[in-house]
Amino acid sequence: MLYLLDGLDWGTAPFRALVARALELEAGAAPRRAPGKRLGAVFLNPSLRTRTSIEAAAGMLGIQPIVLQPGTDTWALELAEGAVMDGLTVEHVKDAVAVLSGFVDALAVRAFAGLVDPEEDRAEPVLQAFVDYSTVPVINLESARWHPLQGLADAATITRRLGPDPKGEPLVLTWAPHPKALPAAVPNQVLLTAAALGMQITLAHPEGFDLDPQVVARAGAIAADEGGGLTVSHDRACLREARVVVAKSWGGWSGYGRRDDEARRRAELSSWRVEERDLAPDAGLMHCLPVRRNVVATDAALDGPNSWVIETAHRRMWTAAAVLEQMLAEEM
Amino acid sequence: MLYLLDGLDWGTAPFRALVARALELEAGAAPRRAPGKRLGAVFLNPSLRTRTSIEAAAGMLGIQPIVLQPGTDTWALELAEGAVMDGLTVEHVKDAVAVLSGFVDALAVRAFAGLVDPEEDRAEPVLQAFVDYSTVPVINLESARWHPLQGLADAATITRRLGPDPKGEPLVLTWAPHPKALPAAVPNQVLLTAAALGMQITLAHPEGFDLDPQVVARAGAIAADEGGGLTVSHDRACLREARVVVAKSWGGWSGYGRRDDEARRRAELSSWRVEERDLAPDAGLMHCLPVRRNVVATDAALDGPNSWVIETAHRRMWTAAAVLEQMLAEEM
Amino acid sequence: MLYLLDGLDWGTAPFRALVARALELEAGAAPRRAPGKRLGAVFLNPSLRTRTSIEAAAGMLGIQPIVLQPGTDTWALELAEGAVMDGLTVEHVKDAVAVLSGFVDALAVRAFAGLVDPEEDRAEPVLQAFVDYSTVPVINLESARWHPLQGLADAATITRRLGPDPKGEPLVLTWAPHPKALPAAVPNQVLLTAAALGMQITLAHPEGFDLDPQVVARAGAIAADEGGGLTVSHDRACLREARVVVAKSWGGWSGYGRRDDEARRRAELSSWRVEERDLAPDAGLMHCLPVRRNVVATDAALDGPNSWVIETAHRRMWTAAAVLEQMLAEEM
Chain Z
1 MLYLLDGLDW GTAPFRALVA RALELEAGAA PRRAPGKRLG AVFLNPSLRT RTSIEAAAGM
61 LGIQPIVLQP GTDTWALELA EGAVMDGLTV EHVKDAVAVL SGFVDALAVR AFAGLVDPEE
121 DRAEPVLQAF VDYSTVPVIN LESARWHPLQ GLADAATITR RLGPDPKGEP LVLTWAPHPK
181 ALPAAVPNQV LLTAAALGMQ ITLAHPEGFD LDPQVVARAG AIAADEGGGL TVSHDRACLR
241 EARVVVAKSW GGWSGYGRRD DEARRRAELS SWRVEERDLA PDAGLMHCLP VRRNVVATDA
301 ALDGPNSWVI ETAHRRMWTA AAVLEQMLAE EM
Chain H
1 MLYLLDGLDW GTAPFRALVA RALELEAGAA PRRAPGKRLG AVFLNPSLRT RTSIEAAAGM
61 LGIQPIVLQP GTDTWALELA EGAVMDGLTV EHVKDAVAVL SGFVDALAVR AFAGLVDPEE
121 DRAEPVLQAF VDYSTVPVIN LESARWHPLQ GLADAATITR RLGPDPKGEP LVLTWAPHPK
181 ALPAAVPNQV LLTAAALGMQ ITLAHPEGFD LDPQVVARAG AIAADEGGGL TVSHDRACLR
241 EARVVVAKSW GGWSGYGRRD DEARRRAELS SWRVEERDLA PDAGLMHCLP VRRNVVATDA
301 ALDGPNSWVI ETAHRRMWTA AAVLEQMLAE EM
Chain A
1 MLYLLDGLDW GTAPFRALVA RALELEAGAA PRRAPGKRLG AVFLNPSLRT RTSIEAAAGM
61 LGIQPIVLQP GTDTWALELA EGAVMDGLTV EHVKDAVAVL SGFVDALAVR AFAGLVDPEE
121 DRAEPVLQAF VDYSTVPVIN LESARWHPLQ GLADAATITR RLGPDPKGEP LVLTWAPHPK
181 ALPAAVPNQV LLTAAALGMQ ITLAHPEGFD LDPQVVARAG AIAADEGGGL TVSHDRACLR
241 EARVVVAKSW GGWSGYGRRD DEARRRAELS SWRVEERDLA PDAGLMHCLP VRRNVVATDA
301 ALDGPNSWVI ETAHRRMWTA AAVLEQMLAE EM
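Protein chains in written order, with the working numbering: chain Z, 1 to 332; chain H, 1 to 332; chain A, 1 to 332.
Please keep in mind that the hints were generated in silico from the structure rather than gathered at the bench.
Chain H is faced by these chain Z residues, among others (derived, beta-carbon under 10 Å):
no., residue
1, I66
2, G87
3, E91
4, D95
5, V104
The beta carbon of each residue, even a glycine, is placed where N, CA and C say it ideally should be.
Make the full structure from the sequences, and use the hints.
Pasting the structure below:
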């Protein structure tokens with residue numbers, strides 16, 4: 001069975017092939033349709049781009065999207081195996097998933113990190129329950145650790161802008177200010193995406209705002225395999241050297257269990273906001289959106305000629321279509 | 001005009017015919033489609049299975065499902081005839097239904113029991129308003145007293161497992177523990193369903209946790225007509241004698257107005273939890289879901305070889321499709 | 001690019017042509033379909049008629065509707081240009097609109113008046129942001145000042161009832177009691193609609209419950225151009241002279257900044273409730289719904305032979321279909 005959990009589920013070459021296919025669809029190629037198929041999309045967290053783009057991509061392929069929001073539309077879900085459910089949750093995720101997978105041809109799910117227990121976030125309890133109990137393909141719409149549909153769109157823009165083989169091109173993923181500790185799914189995914197493209201990655205962040213060392217090590221190994229590399233820097237001067245700057249805020253991996261300390265440090269870190277002058281003339285600025293304007297990055301940077309932000313968001317539809325094609329139209 | 005309010009709206013033979021048709025669809029028969037038709041589905045309470053299965057069934061038949069959640073998506077509804085609406089409600093159900101029925105070819109509605117006033121629950125004010133003010137067929141997606149789409153799925157599993165004529169086979173509907181008083185729509189429907197199949201029904205519950213005597217009398221009469229019968233027992237030893245055990249919790253009919261007393265009694269009744277050893281080797285265990293695991297029934301019972309729970313949930317789509325076919329494709 | 005912001009975006013003759021087309025569709029004309037097109041409908045406020053009718057109309061034309069509710073389904077939106085977004089909003093409307101317009105072929109949006117700052121309500125910050133940042137046509141699903149889809153349905157009923165040219169026929173728009181100060185989008189739209197039909201309009205309200213003088217002046221000028229006129233009256237005896245009575249409550253334009261005074265005055269104004277005896281024998285009563293029964297108008301008036309309320313609501317689907325046809329099928 002097929003999964004899309006971190007985008008590299010099938011390896012780096014299939015990842016790049018999906019990106020290429022998305023760009024073909026964007027350029028006007030006819031999608032392979034899957035009429036009569038149904039996609040169940042379960043959102044445990046809010047969504048604008050992901051929800052709209054997956055609904056649109058499904059419609060484009062003749063697939064019926066069915067969107068559910070547990071806790072709003074449906075019951076709150078229990079995650080713990082063996083739980084005695086005499087509290088607030090009224091349905092176990094294992095039952096919900098087993099049932100839903102009988103109604104649809106693929107399931108997609110969004111479930112953000114809890115940011116309380118690092119090992120629980122690594123274990124991805126919701127996403128893993130979907131994998132364990134679904135009898136149909138599962139698509140990750142952003143989990144505790146990964147956001148593969150965003151990664152595919154990022155890769156589509158990078159290859160569209162830098163050419164089909166951006167191997168060795170310098171990309172900086174920079175931490176950015178934000179009033180709250182945010183999950184690391186997007187920055188993790190950026191590392192994986194740039195690694196799969198063989199880029200020369202610099203992960204730039206203030207001390208203490210590190211990413212999960214397991215993720216950094218994995219991305220570094222993939223980057224090296226693909227002809228690139230990964231280094232970490234606490235000096236944001238590196239931004240000026242990049243062809244691609246990806247801005248994003250996140251709560252530090254070291255910050256689990258001491259978010260109060262982290263919150264105090266944030267106040268001193270507003271200089272990490274991305275501005276136009278941080279970008280080389282030929283550099284592109286990327287951000288997954290939603291972005292807190294003039295906190296994460298300035299209006300001038302986000303709206304200036306170096307911004308690749310909106311075009312990347314638009315590619316969310318084409319990459320979603322490429323994924324649904326592969327998962328649901330292939331079998332026909 | 002057609003209604004599906006308690007499943008037996010057209011009699012027991014048409015009920016069984018719908019069940020048979022659902023099993024044909026599940027086995028691969030082509031559905032009679034109704035393209036261009038629209039179904040409005042109004043949820044005043046949360047839903048996972050019902051919402052997803054009716055959306056999926058509609059899509060399968062080319063029907064456009066339009067899902068509304070008053071109070072979230074739309075206005076809170078007034079139910080009282082003649083009300084001077086100077087309080088919280090901003091739209092009368094009569095207007096909402098009259099308007100919606102001009103936009104769609106059938107309306108479906110979920111509105112649970114209030115569990116405060118037994119006569120109000122018997123009167124089904126929301127469902128009845130849909131019947132009174134709709135100009136298109138009305139489908140009950142679970143009301144204060146009935147859940148016909150669940151009943152059809154239960155009947156589909158019973159006939160699939162026991163053969164097309166389960167007349168006289170012993171079925172026990174057993175009360176089960178739960179932290180809260182729940183509406184009786186599902187257990188009422190189980191009685192009606194088993195009665196329509198002519199089964200030998202035992203309704204097992206602790207004293208005080210009775211069902212509406214009108215419902216029990218009606219089911220008993222139908223069961224007798226169909227070659228079965230209905231008895232009430234306060235001894236759960238009867239579970240071991242059943243071919244089918246249906247587990248479900250509910251607030252007692254006698255408990256209206258004194259739910260506090262009832263809540264105290266619940267604490268002593270955890271032994272009514274269904275366990276594997278309660279089931280005969282050839283018995284099937286059913287539950288409508290969502291189920292509070294290890295409270296209503298143990299993981300071992302729900303996940304063991306005797307469980308018919310998930311397969312029944314999956315049949316919710318096929319029975320919904322059979323209903324929509326009959327209501328919307330017949331006329332073409 | 002095409003917009004539908006106040007219904008008269010293309011002038012009065014195209015407005016009347018849209019109304020005529022809606023009546024043709026209602027009478028059975030085949031809609032011009034736009035298969036493969038997508039409509040994004042964003043609701044910042046609740047909706048029953050508008051949401052259902054636009055979804056139904058889209059389905060009728062083969063258009064995929066994608067419905068979003070920011071704050072529930074998605075992020076809370078920032079409206080202020082140049083805002084430093086370190087507070088509650090996590091996405092700027094400019095980004096949301098720019099992204100969404102890449103996924104769909106038209107955007108529709110509902111955003112009610114804030115009723116705090118009259119100049120802000122006149123500026124329509126949300127609707128204007130959609131106009132400014134969308135790259136696809138924008139449809140107003142009720143903004144601070146206008147509700148064009150309601151206006152089209154009102155006009156459809158008036159021309160259906162009074163003949164295709166209701167020029168000079170007397171229409172009264174009457175203020176009605178209500179426990180709360182409501183936005184003026186609907187009464188504003190009634191003035192514009194009746195003006196576009198060249199009717200003889202009387203705007204009747206208690207002193208202090210005036211509408212925006214800019215709107216009244218604009219409607220008066222259009223009415224004069226089209227062979228009608230507009231007068232204001234504080235005497236509700238004028239209702240008896242009308243062929244069409246439109247009842248609606250609103251917060252007074254003069255009431256901005258002193259809603260407490262206004263609230264006290266409401267208590268004395270219950271005699272403005274519309275009753276059967278207020279209507280001439282051949283008059284029609286209209287209300288956009290939802291209506292607080294027996295507060296705004298009596299059950300007898302709303303349900304009596306003079307009521308055109310439900311038939312107008314049903315025309316919301318046909319007028320929406322005519323709009324979508326014009327916006328999305330024309331180009332094919």
